[in-house]
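2 protein chains.
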Amino acid sequence: MDFNELFPVGTYRRMVKKVSVSDTVTNRSKALEEFMSTAAFLETMTQLAVEILDHKLPEGFVSVGVRSEVHNLAPAVLGDDVTFTVTVDRVEGNRMVLSMKADDPHGPVATGLQERVVVSTDLLEKRVWERFGGR
Amino acid sequence: MDFNELFPVGTYRRMVKKVSVSDTVTNRSKALEEFMSTAAFLETMTQLAVEILDHKLPEGFVSVGVRSEVHNLAPAVLGDDVTFTVTVDRVEGNRMVLSMKADDPHGPVATGLQERVVVSTDLLEKRVWERFGGR
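So the protein sequences, as listed, match chains A and B.
Quick note on the numbering used here: the first sequence kicks off at 1 and runs consecutively.
Quick note on the numbering used here: the second sequence kicks off at 1 and runs consecutively.
Take these hints with a grain of salt, some might be off.
[Claimed, not checked] Result set (DSBU-like, lysine-lysine): computed pairs, CA atoms no more than 30 angstroms apart in a straight line:
id, chain 1, residue 1, chain 2, residue 2
1, A, K126, B, K56
2, B, K30, A, K101
3, A, K30, A, K18
4, B, K30, A, K126
5, A, K18, B, K30
6, B, K126, A, K101
7, A, K56, B, K30
8, B, K56, A, K56
9, A, K126, B, K18
10, A, K126, B, K101
11, B, K56, A, K101
The set of hints was computed from the structure by calculation and includes no laboratory data.
Remember, predicted model here, so these are calculated numbers, not experimental data.
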């Protein structure tokens, strides 16, 4: 597979997400219950990265996250519309680095990155099986 | 407040978490539905960091995440018992860096870090108010 051809640098996907209660409880902090959590930012970044990558992969292949970062810049509050943009930044062999930016109508609220590798589902299952001692 | 005294470097908190379905759906990938997601790792790291920091803060103060990282090392599967350890690594003024390691019975599954700053809830509310144009 030529991943540079499948995922040209600059390929992006965008969505608007309204901050809901389920995006705030994952702060695990009562004092922050009106704000979008870092875990919710990460989940939305993951969703867009998977949407960019996985539907273009042949059957039997999957992308797996290996490294993720989120930088929180400003609070996004309940009911706020946050626009997420996830972009393919780098392709090295079977390894893709995607960047995320998240903005609400008042400016940037977070940035992030996620590195994903493409592996065969057979290899993934083998890895699990071996870790569990071949049970 | 002397945060070096409140949170000595090396302070840690540990918990065992059994991987449940809600920890896997946040992979946003059908092919990964038996594995603990990065968002779930991040949420659990956040929970332990908040438990270490926030109950020691005086009323009117809160810790807020500003940077988070997760490195995925091996798949943790549904039903697996994952031991999380979060440790205070660095204290610089009102800024704390905590590290996370997560292991299942077969070895390490993830590492991570989270940087949190302590702010007054008044300042946090002011920041939100200002971003929304003083509405």
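Structure versus earlier hints, numbers of those that do not hold, lowest first: The structure conflicts with hints 1, 8 and 11, although it agrees with all the remaining ones.
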